[in-house]
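**Q** Below are the chains, spelled out letter by letter.
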Amino acid sequence: MASSKFVLINENDNILVCCQTVKTGEIVIVDGHKIRIVVDIDVGHKIAKVPLKKASKVIRYGVPIGSTITDVAIGEHVHLHNMKSDYIPSHTRQSSLGA
Amino acid sequence: MRGFLRKDGRKGIRNTVVVAYLVECAQHVAKSIVNKIDHDDVQLIGFPGCYPNDYSLEMMEKLCTHPNVGGVVLVSLGCEGFNREQLFQTIVDSERPVETLIIQKCGGTKTTIELGIEKASAILEIIADVERVELATSDLVIGTICGGSDGTSGISANPAVGACFDILLNDDATCIFEETGELIGCEHIMADRAESKELAQELITCVEKAEQYYTKMGYGSFAPGNAEGGLTTQEEKSMGAYAKSGSSLINGIIKPGDIPQKKGLFLMDVVPDGEPMFGFPNISDNAEIVEMIASGALLILFTTGRGSVVGSAISPVIKICANPETYRNLSEDMDINAGSIIDGKTTVNEVGQAIFDCVIKVSNGDKSKSEALGHKEFILTYKKFDELGPSCLR
Numbered sequence: 001m002a003s004s005k006f007v008l009i010n011e012n013d014n015i016l017v018c019c020q021t022v023k024t025g026e027i028v029i030v031d032g033h034k035i036r037i038v039v040d041i042d043v044g045h046k047i048a049k050v051p052l053k054k055a056s057k058v059i060r061y062g063v064p065i066g067s068t069i070t071d072v073a074i075g076e077h078v079h080l081h082n083m084k085s086d087y088i089p090s091h092t093r094q095s096s097l098g099a
Numbered sequence: 001m002r003g004f005l006r007k008d009g010r011k012g013i014r015n016t017v018v019v020a021y022l023v024e025c026a027q028h029v030a031k032s033i034v035n036k037i038d039h040d041d042v043q044l045i046g047f048p049g050c051y052p053n054d055y056s057l058e059m060m061e062k063l064c065t066h067p068n069v070g071g072v073v074l075v076s077l078g079c080e081g082f083n084r085e086q087l088f089q090t091i092v093d094s095e096r097p098v099e100t101l102i103i104q105k106c107g108g109t110k111t112t113i114e115l116g117i118e119k120a121s122a123i124l125e126i127i128a129d130v131e132r133v134e135l136a137t138s139d140l141v142i143g144t145i146c147g148g149s150d151g152t153s154g155i156s157a158n159p160a161v162g163a164c165f166d167i168l169l170n171d172d173a174t175c176i177f178e179e180t181g182e183l184i185g186c187e188h189i190m191a192d193r194a195e196s197k198e199l200a201q202e203l204i205t206c207v208e209k210a211e212q213y214y215t216k217m218g219y220g221s222f223a224p225g226n227a228e229g230g231l232t233t234q235e236e237k238s239m240g241a242y243a244k245s246g247s248s249l250i251n252g253i254i255k256p257g258d259i260p261q262k263k264g265l266f267l268m269d270v271v272p273d274g275e276p277m278f279g280f281p282n283i284s285d286n287a288e289i290v291e292m293i294a295s296g297a298l299l300i301l302f303t304t305g306r307g308s309v310v311g312s313a314i315s316p317v318i319k320i321c322a323n324p325e326t327y328r329n330l331s332e333d334m335d336i337n338a339g340s341i342i343d344g345k346t347t348v349n350e351v352g353q354a355i356f357d358c359v360i361k362v363s364n365g366d367k368s369k370s371e372a373l374g375h376k377e378f379i380l381t382y383k384k385f386d387e388l389g390p391s392c393l394r
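So the protein lines, in turn, are chains A and B. Note that the first sequence covers residues 1 to 99 in our numbering. Note that the second sequence covers residues 1 to 394 in our numbering.
With the rest of the complex left out, here is chain B (with noise of 0.2 Å):
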């Protein structure tokens, strides 16, 4: 594999230039420019609160230094809170080509969108000479998330992405799993595989955590599809999401834009804390698939049951169909038929094995179907976190 190399030393799967809007009055100029550039690596994300917010900022800046980024056009309004002056000093630390325009300092929307093309145009030239490195497995930053889960997600595509996750860790490889509410119910059998005691206890207390967050807002995470496709409890629902993790030693936990300071297997604890603030810890797939992106993710495997679509900017994601009538229904959207394995045609060992040839190829630039259909969903919203513990073994 090859990959684009970076000056804090990762590597990149892919070299995009994100055009990101710091506010929502700033989106349609963003918008704009992506569109009318019309290139698979020139890409749209940004924040569109005006209020200012640590999260979302620490998460922008990791969003703009990640691997896969080569470079980026900051588009401001000019008046809201978003702090533009420090997003733009990291990102020029991170010795990546940057340019900030302020439609209110321009002269508007036409003169900034044809600002904007033109500072892209030129930043995706520049980058076009980034150096070009051996990738080795050991590189990968692999996360995985469940959407639109089923009655078969748990015994098909999830236990098989927990087989991939084997293989990846007895290459060297960063893997991520995530969202502590739909872990509640197995933070015990979890615990056990905590590589230290006092880890083994972070993991029960946040998935406690998550529990009392839910209990607080309402609803569990848990959609009306999921019973639809036969879950009928949060728990039994964790527990196949659970399986995605695999069966290796758990290293650490992570929150949102923490990037692992070592190999292994990291649980990403996406609950805010503190009494709830800002809403659900995350509004639907694309927060976590961000969150995820945040932390380093270079690809994201993407297990779906009822059938999700979504892709994401700047890291490709790979769909896992866990169930066979639906992956006869979207087969267009879907990178692997897990469902095969319900059909009694595959085993999960097998599709762990092919998820894992899939990753090798996407990582070494071969397009995943959502990445090749044009999906570059993206969602930032506002939250609040500590620090992270130190038995968390960052």
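Here chain A stands alone, though its shape is the one from the complex (with noise of 0.2 Å):
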């Protein structure tokens, strides 16, 4: 599984999942192009695959786990900051989210 940094986990999927901790400033292969990432992403937190528009669903197990909130690049962090659930709302530590 871990021949890259990130796993995909049905091949429906739009986003990665990573599988090493991935520093600012790597290079990482997405879907077949270089792609420099900007924040540093921990194990377990996903990539977007292909790029994604605002209010797009996004796919992990093959299946919808929330959707865009604003239009997410290749390879781009995807989180609460740019997707959201379409039940119920995430709640964060009210000191502080690791960013």
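These aren't lab readings, by the way, just hints derived from the structure by calculation. Be aware that a few hints might be false.
Stated by the list, open to error - Going by beta-carbon spacing under 10 Å, a handful of chain B positions derived as facing chain A:
no. : residue
1   : Tyr214
2   : Gly218
3   : Gly230
4   : Thr233
5   : Glu325
Owing to the predicted nature of the structure, the values given are computational and were not obtained by experimental measurement. For each residue, glycine too, the CB sits at the ideal point set by N, CA and C.
Hey, can you piece these two chains together into the complex? The hints should help.
**A** Here it is in structure tokens:
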């Protein structure tokens, strides 16, 4: 599974999951494209496999896990700042959410 | 494997004396009895509230007559609302040794602690003679929970537990998965695995109930640490959590304290019925663990990404760590490193087999990590449930 630092869980997914921490500035291959990573990506976090338009479904495990709230570029971190639940809002730590 | 035979025919993998406080006011006395005896098989459980509640009474009845429990000391203040007479009678009917100590009648804190030590020690001696019998995989009742999930949980530890469940179910064991609030978004794919059409509808209905309940409460079953670990939404967490159930047919729904009346795979519906009355369904992971134990779980498989360290009173907890970085950091608390899947060194099925092997060892008396470290957490709070519908097929 770990030939790359990211894994595609289901062939229909439009995100990749990080298996090994990736530092800002690293160049990774996403869907055949060379992408420069612009924020640190920790294990378990997601990046976009393809460009995603605002209000499109984010697909993981082959099923929707929420929708984008902005346009998302290929290789961009996909998280609370650019997607949301289609069910119940997520809450964060009151002190701080590790940026 | 060898197990402890109980009078109702069920078999336990541990032989404990539980010291149970029946209101918070009796907690210190009960805890002191347990601490002073300082024996792995003497454990503290209890209910803090003073108002009566059918759910908590039933939970305490099921816990005190659990197959891993050999005998009970009840510690009452004296004036609380808990129905100690009914609980005592249920334990007597199960033919377990039981003593009730009422602090207001015993003469106070010190006297009750001394008396409790005497009673619990005597029960420990009596139950040393409980009949030991052959224990088969088909005798096992195993529950699973995830706590401190992150973005790795759904691709390593959770599907590995699912693979272990498939092995256990193939050997005719009974398996329980839970937290309908963490199945929001996957109710329809789950319903496809129901053994009947009626059950499929019940599965969807109980997840819808969870969604409505959590929406009213204002928060999903989603902690800040989930987000820090890369999970963004409830449904993303749900899909990962759902993987713990494996791929076998789902045979029924139970509510906390219901003991499955047949073998197979059961979903535990932990979300209360009706309008929210007492707060969040389960205030933290141990509340769910206690509910699965009340339904007869002899052992709990706990998957964690961020790194939970909890164990439980009554039934051992096996920790399966999803995230390789967490495993490196917290290996002293983790029984199984499913992070090796993320590292590309093992497969989901290999780790599933390793979990199964660990289940057999711990069932046969080996201590799990949390058990050896002395983790015996316990939480029981107020809830309200209606009776199960007929198509839940218990």
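**Q** Can Gly230 (chain B) be said to touch chain A, with a Cβ gap under 10 Å?
**A** Holds, because the Cβ-Cβ distance from Gly230 (chain B) to chain A comes to roughly 3 Å (cut-off 10 Å).
**Q** With chain A as the partner, please determine if Tyr214 (chain B) meets the hint condition of a C-beta pair closer than 10 Å.
**A** 6 Å, holds
**Q** Minimum Cβ distance from Glu325 (chain B) to chain A below 10 Å?
**A** Holds, because the Cβ-Cβ distance from Glu325 (chain B) to chain A comes to roughly 6 Å (cut-off 10 Å).
**Q** Does the interface hint hold: is Thr233 (chain B) within less than 10 Å of chain A, judged Cβ to Cβ?
**A** 4 Å, holds
**Q** Closer than 10 Å between Cβ atoms is the bar; does Gly218 (chain B) clear it against chain A? Give me holds or violated.
**A** It holds, given that the least Cβ distance between Gly218 (chain B) and chain A is near 8 Å, below 10 Å.
Checked against the numbered hints above, the structure breaks none of them.
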